[in-house]
Structure formats: structure tokens, C-alpha cells
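Peer 1: Sequence:
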Amino acid sequence: MSAPAAPSYAGPWTRLKPALTPWVADVVRDLGFEQMTPVQASSIPLFMQHKDVVVEAVTGSGKTLAFVIPVLEKLLRRDRPLSKREVGAIIIAPTRELAIQIHAVFQQFLDAQPAAASPDAASTSTSPPPAPTTPPIAPALLLIGGNSLQDDKKAFFETGADILVGTPGRLEEFLLGSSSVAMSKKGKGGQTRRSTGVGVGDTKALDILVMDEADRLLDLGFTPTLTRLLDHFPKQRRTGLFSATMSDALGQLVRVGLRNPVRVVVKVEAKAAKGKEKAEAAGDRKIPTLLQNGYVVCAPAERLAMLFRILRREAFTTDEGETGARKFIVYFSTCAAVDYFFKVLSATPSLANAGFSLHSLHGQQSPTRRSSTFTAFTALPPTTPGVLLCTDVAARGLDLPDVDVVIQVDPPVDPRAFGHRVGRTARAGRSGKAVVLLNQDFLAVRKVPLQRFEYESESGVSLSDEAEALRVEMHKVIRKDRDLHDRGVKAFVSSIRSYSKHEASYLFRLQDLDLVGLAQSFALLRMPKVAELKGKEKEITARWQDEEVDWDSYAYADKVREKQRKSDLKALQDKREAHESRKRARAAAAAVAADDAAGAAAGDGDGEPEAKKFKKGENKGKNKAWSAQEDAEAKKAARRAKRLAKAKALRAAEAEGRVRAVDGGDDDDEGAAEEARDWKEELARAKREKREGRQATAREKGLPPTHGGGLAGVAFSHPGFLITLVVATAGFFAAFVGQIVLESKYNKLDGGSAVGVPWFGIFLQLFLNIGVFVTLATDSVGANRFQLSIFLAVALVMAVIGANLGIFQSESYYLAIGAGWILIAFVDILWIMYFTSSDDAWFATIFDLGASQHFSSRSSVAGFSTHRRGPSSRAGGSAMGMSGPSGPVSYQGYAGTKGGAGSITGSRLGPATSVSVHDLQVDGSHAGTEPSLLGEAASEYHAPMLKARALYSYSASPDDPNEISFAKGEILDILDNSGKWWQARKTDGTKGIVPSNYLALH
8 MSAPAAPSYA GPWTRLKPAL TPWVADVVRD LGFEQMTPVQ ASSIPLFMQH
58 KDVVVEAVTG SGKTLAFVIP VLEKLLRRDR PLSKREVGAI IIAPTRELAI
108 QIHAVFQQFL DAQPAAASPD AASTSTSPPP APTTPPIAPA LLLIGGNSLQ
158 DDKKAFFETG ADILVGTPGR LEEFLLGSSS VAMSKKGKGG QTRRSTGVGV
208 GDTKALDILV MDEADRLLDL GFTPTLTRLL DHFPKQRRTG LFSATMSDAL
258 GQLVRVGLRN PVRVVVKVEA KAAKGKEKAE AAGDRKIPTL LQNGYVVCAP
308 AERLAMLFRI LRREAFTTDE GETGARKFIV YFSTCAAVDY FFKVLSATPS
358 LANAGFSLHS LHGQQSPTRR SSTFTAFTAL PPTTPGVLLC TDVAARGLDL
408 PDVDVVIQVD PPVDPRAFGH RVGRTARAGR SGKAVVLLNQ DFLAVRKVPL
458 QRFEYESESG VSLSDEAEAL RVEMHKVIRK DRDLHDRGVK AFVSSIRSYS
508 KHEASYLFRL QDLDLVGLAQ SFALLRMPKV AELKGKEKEI TARWQDEEVD
558 WDSYAYADKV REKQRKSDLK ALQDKREAHE SRKRARAAAA AVAADDAAGA
608 AAGDGDGEPE AKKFKKGENK GKNKAWSAQE DAEAKKAARR AKRLAKAKAL
658 RAAEAEGRVR AVDGGDDDDE GAAEEARDWK EELARAKREK REGRQATARE
708 KGLPPTHGGG LAGVAFSHPG FLITLVVATA GFFAAFVGQI VLESKYNKLD
758 GGSAVGVPWF GIFLQLFLNI GVFVTLATDS VGANRFQLSI FLAVALVMAV
808 IGANLGIFQS ESYYLAIGAG WILIAFVDIL WIMYFTSSDD AWFATIFDLG
858 ASQHFSSRSS VAGFSTHRRG PSSRAGGSAM GMSGPSGPVS YQGYAGTKGG
908 AGSITGSRLG PATSVSVHDL QVDGSHAGTE PSLLGEAASE YHAPMLKARA
958 LYSYSASPDD PNEISFAKGE ILDILDNSGK WWQARKTDGT KGIVPSNYLA
1008 LH
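For the sequence shown, this note's numbering begins at 8 and goes up steadily by one.
If you are wondering where the hints come from, they were derived from the structure by calculation, not from laboratory data. A couple of the hints might just be wrong.
Listed next, the in silico DSBU-like pairs over lysine-lysine satisfying Cα-Cα at most 30 Å (straight line) [said to hold, decoys possible]:
| no. | residue 1 | residue 2 |
| --- | --- | --- |
| 1 | K573 | K483 |
| 2 | K570 | K487 |
| 3 | K536 | K483 |
Using the sequences and the accompanying hints, generate a full structural model.
Peer 2: This is the structure:
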């Protein structure tokens, strides 16, 4: 259903049925509104007849009174008065400035209401008239950022406000106790930021909900917040959406938040138009009829000079004494540009001497700064011309009084914002003027008529000369403070990026933009290096010249920043000098290293002593190879030695900062295939040694070898672990399902994601559940407990956040999320305590109760130790003990013999330590028939002993006294078989080290 278009003249307020309450009508009259505007005449009766409305009207058409009056009348006509904690009306605005203005309008009415209202106006409505003594409406409460939430709560409890006016985030935090400020703008990924509190205010009696500039609410990313608020408010309410433009997203909000709404579209008709002009004006006009809307064409380098020319011309007082424009709004595309030009132009003599009062307003300013700027600009005396530099934060909803001229230095990125910008002037029946600066001679579309304005110089000076003179003035100002230069570069770059994102890219094309001229308009001292300037080097060289500036002495006006700059500059200089010094040293060392590396790689006889021992020809005159196998082994040893020499040479070159490629050349005597086979053998041997080490560990701990498998049976036989795993899994599914429902709830409006961070916590917990099971099933707690504890701590933090997010809400899906995270947090705490406990800790003992099998030690640092009772002899032998392998492995046995006592001791250092050899000793006294034998008990223990057969003959090197010689086929006792050189003992008792590749275990 759509209401008909309202006429330009809507009639007096007395035509409203039901009639307004007398004191409300008096305030309207005192405010100077004798006649209703079309939007007021169309929407107020519908709102008061209990209908939801969607109002689209031109900016400055009186939309604020169109909902303020119905709100007051509905509260005055309630069957029963509101209690002190009940809220009767809520007005949501997209920005704090608009909320402040709406609140001020309400207060103008509420301050004028009598102590006990007695409306005696006749009413033809079906609604009963108000009681003879209706209690007055409590003062409206303003809820915006920048004010303390505790102060807002205190004010609400003291006054019992019936009307709340605020921004979405603060209203949500005030009413629901938590704020979900959406970050689902482009590039934000749908993340949310949440803070918790306790909601106040009873909205069960809510009569009216108003969303002013509703499409702007969605553009700013408040969709999730509005969804939560709409879910919280009662369904039996009247809802009004007011906006200057409609969008598809707004249509989705209408379908969700309103019931059978009436759409009111107010069209403005220009009565004086004739012919073609009338046909254009009778259409869907988006701007006020009393607005002169035009454009000027100027080059980017001259746009600031054109701005100055417009300001002087429009503020000029004529000879007849007619005062020119007194309030100007100048729009830039970015906050950085507003900040930069405000600081530079405030100190530029051309503007300061003209008597203009300069102000700035943008979204990155603090709430206090924005409020003070807004107040100062609106309170300017008529004798002082004021200029407000701003971004689109001041384009929507703000009622800046008596604005005469709007100048758009940068066209808006979104063409829809054009009408909102120019709508800041020519409001409420006043005339106004809007000018946009364009680089080319073309007209805007979107049904916005433009005419071309001409601003000629009064002195006959060309615009380019004025631009150059202004640039010189700005350079003088910028040279006084380096901070201005930094801000200018930032503003220039941000303006380019903003221009590249223009929705009307077929008109505003970045490749057609004069970037050099744009840099000149910013009065930059030197051209910054940005990606958009690539390929324009010739143009920059021809048209641009950097200013002569001593950048080392170019100082900040701020003494603290200047001190820091000097400190950073000195550190940079020191770093450069040190770098040059190291560079020279590396160059000298690299030459020496290169020669050494080349010699080491090329000379077969210049290798390391160890490599020498493995060369095929070393024993050529002593022992000839007895088979092809010996020849192949010797070749592999030679290749291995050469690889070692090349690796050492490469490391030496890298240490000097110069990596040299070592050419293989003739080093591979038998080809790449044989060398690859050598490496495979090395890998296979390493894997075999690692597997044997694991099996030895299992034997020492009394466990069967795993053979690559796991100990899942141990995990499933552990009740403490099984119970916590089941609880963690249940908590995971509760949080997972609740999160899916929550996502679908948010997606019903804009298709975006309301929350993204909780998914990280949910899937982190899933991977941890799997990781804990695998760790316990493979009995690798000692190796993984540190990593698990760290990630479990992170998961615990996420669980606490998730529980806090959902447990205090009333919706079932929030409760499911909260309950799931509570279970997860409980299990994470238990697992953290278990993995960080020592074996004998009380918590580990309790957790392991009832387990039929136990996991190995949780300690991965101190190693492990086991103690077993050894076999006792029939003659009273004592225990046998074994400890290892964190240090030297030692074996001790004590046994009584038939006629004496004996001891067997031995030690072996691990492969990572230096080798030491201790003799096996057999000592004992005897009195029996077998004096050379150990006792019976001693014979039950046999020290491990390996035998090896020599494949080739080997002669010990005279340079190494630790080596021993042996003959081919000789059997050796192997005391230590770790590494390439083994500890061995010959049959004659001679001990020393032997090359492992000459031996085969027997």
C-alpha cells in the first residue's frame, strides 16, 4: 500500500485528525511552523492510527517532526501511565550528532509540557481521550558513545525516562547488556567485538520504535545490532522507518521488522516550472526546489584556488548592503584530507585575512571534539562567515541551521550521497546553493539537475596564477612543521584510493585523473612513491619538481616528536655505517673463503684427516681389494668424504655472507645414481637406529614394542580420559549447533556473517579433542604435553569468552552456545592440570584411578627411570639395577658365588657425547672347585656384547693413537656401535676405534 504524493502545500496543523494536544500544538507554533510539510501531513495521521510506516522524503522536508509529534501523542494517549522502569518509545539514529539533534527537539517539547497535562482537544479517533490529569512525560534520555554507561544508567534510574534516543551500539549495550558492533563492512570479514554488562530498562510496554536515516544504519554495518534489538522488542508495537533514500537492504529490514507497513513517498513538484523544465521537475526529484544546484570545471591543480574564489565571491557583501553567504560546508572524500587542509588553511594568510572562521568535522575525531565543533559552527554570529570542512559524516540527518552554500571539492564515492550533501542547504523553505568541482565537463545522473556556474576573477588574475600563489603560501606554512608534510602525503594517498573506489567509475576513472595536478593541489614538497604513479615517470619529470628541503634538519614543531626523530635519524646513520663496514669485511673474507672452498672441493688429497682414512687408495700398497664389493665400498667412502668437504666449504662461505654454488664437476666418480643410492642407505640406517632405540626403550619400561602402531587400548581403558572426552565432545556439538543457528539468525537480513571469531575457538577445540586422543593412544604424552598445554590454554580463553557471550542471553541458541563452552572450559582445565602434573602429583594419581593400564611418564625433560628386582642367587645374591639413558648407560650386578663374590660393571655414553671406554672387570675370590668361574647367580646375567667380522684389512693411522689395526676376517668385540667409528676390542685385549664401514655385525 502506498500513500499518494503529497502536495507542496499541505495545510495548517488544525487539519490533523485527531487534533494535537494543546500544549504540543503551542510548541509547534512557537517553533515557527505554521503549515505542515508534505511528509508531515502524510505520515502523522497514519502513525497515529496504529500503522507501521516507511517514509521516503527529500532531505530538509521536516521528517523529524513527522515522528516526534506522533511519539508524544501516543505516550499521552496511553491507557495507563508508564512505570519508572518502563520505556514507551525508542528512536535509533545512525550517528551521535543526529541523535543529539533529535533529543534536543524532544526536549523542546518536554520542557514546555505542563506539570499535569490536561488535553481538552476533541478527538474523533477510536482511541479514548487522555485522562483529565495525565502525568507528564519523563525527560528523554540520550544514549550515545562518549558518555559513561554508568552515568546513563544512573540518569535512567533517577528520571525514569519514557523516551530513549541513541545510536544502535549504545542502545543495545544499555538494554541488552552486551554490544555487538558489526565489522561486516567490505574487507572486515564479518567479525564482531563484544563487551558485556547488565541490561536495564523494561521494553515490554514499548509503543513506538523509530529508525531515522534507516538506510544509513544499514550502510554503517549495524545490521546484527538491529537484529538483536528487534528480537528483544515486543511484536505489538508501531514502527516507523524514515529516510531520504530507499535501498534493497532497507527493504529486507522492512520485511523483518514491520507488519503491513504503509509506504509514504513524498515527491516535490516545482510549480513554477514550464515545458521541458516542468517535465524534469515533475519526476522523482531528489533535492529541494529552492536549491541552486550547479558545478564548476577546473583542473585538479587549481581546485583549491577555485574553492577560495567561491568562498570570497559568495561571502561578498554587495554595494546595496545585501549580506552574502555566512555558512559554508566544504566536503572532502577522506578524514585525512579534512585534517590536513584544516591545519594548513587555518594558517594560510589568504583565508585568515578574509575573516573566515574555519572548522573541521569527520568520523575519526573523538566524540567530545565532534560535539564542540558542531556547537561552535552552529553558534557563529551572523557577522562572521564560517566554513566547515567535513566528510560524509555531516551529509546525513544533521540539521545544520542556516547553511547557505555547500561546496563539494571531492565528489562523493557513492552517488546516492550527492543528494544528502546538497540537502544540508535550502532546508525548511530557505534558499541555498550547492557547487561541485569537476575535472571534466559532464553532468551527474541519478535525476539531479545541474547547471554550470562561472566564477571569474575580479582582478583579472588567471586561476592558474592564483593556484600558484596559494601553493607558495601553503609551502611556507608546511615548512614550519614537518607534521604538516606527513599529513599532506597521507591525505594525498587516501584521496587517490578513495577516487579509485568510486561507484560511478565510468565517470570518475582513475586513469583519467591528473595525479600530478592533484599533488600540486595538496602543495606537497616532494612527490610520494605510490603504486598509482607507476608508469607516469615521464609526466612527473616534465611537470613536477621537488622543493629544495634539507630533510635531515626539517623538524617537527612538537619537541617530543622532534627529539624522537633525531634519535631515530642517528640510529639509522649508525646502522648504515655498521652495514657498510660489515659489507667491506664480508667482501674481503668472501674472497679468502672462495679460494679455500675451491681448494677443498677440487683436491682429493686436501680433505680432512677423517676423510683421508676412507679414501680408496690409502692402503693401496698394503691390502688390495679382494672383491668388487670392497671396491664399491671404498668408492662410496670417497664420495662421502668429498661431500663432507664440500659441505664444510659451503658453510664457510655462508658464514662470510656469500653463498657460493659448489660445482659437482668430476666429484661423482660413479655417477648420480650411485650417490643417490648412498643417501638412501644413510636414511635407511638412520631409520633403523631410531626404530631400534624405540624398541629398546619399550623393553626397559616393560612394555611391548609398538612396531609403529599405537596404544589405543591403554586410552580406552582409562575412565578419567574417556569421561572428559565424552564431555568435551558434547560441549563441542552444543556450541557448534548453537553457532550455526546464530549465524542463520543474522544472515536473514544482509547475508553477512555476524560473528567470525567464535568459529576459530570451535574448530580449535575439535582439533584439540582429536590431538589429545591421538597423543594418549600413542602414549606420546611426554613428547607432546607442552604443545598440548599451550593450545589448551588458548582454547580455555576462547571457551570463557564463548560462555560469557551466550550464557546471559535469553534465546535458546545463545544458551546452547554458553552451555557448550562451559563444558569445554571444564574439560580443558582438567586436561591442562593432567598434562602439566608430574607422575607423583595428587591430581595425576586421582585422574588415573580405575585405569587398568597406565600411560608412560608425562616428563619429557628428565628422561625416565625404572627399577626392577633382579634375580637373587642361591648363595644370597642381592638385587640387580638398571638405569638409563638420560646419561651414561650403566649396568651393575651383584651376585654371590659358590666360593666368592663378583661384580660386573660397564658404561656407555650416548652418541651425542664424547666416547669413553671402561673395561669390563671380573673380580672375585674363590675357594671352590671352579676358581675361575663366576658364581651361579652371576651366570644368570649376561652383559650385552656384539661381535663383528672385518670385511677388509685396516691399518691404523699413525696420527691417531686411538685407532687399532685388524686383519680381514678377524672377529672383534664391539663395545659401542654408535656413529661411523665404533669402540672395539680385539681378542688380545687391545681396544680402540675402528671404521664401521669395514665391519659387519656377526
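Peer 1: Compare the structure with each hint and give your call.
Peer 2: Here is how each hint holds up against the structure:
Between the alpha carbons of K573 and K483 the distance comes to roughly 23 Å, so the proposed pair stays at or under 30 Å and holds. Between K570 and K487, the direct Cα distance comes to roughly 16 Å. Compliance with the 30 Å bound is thereby established for this hinted pair. For the proposed pair K536 and K483, the alpha carbon gap of about 23 Å is at most 30 Å, so the pair holds.
In this structure, none of the earlier numbered hints is contradicted; all agree with it.
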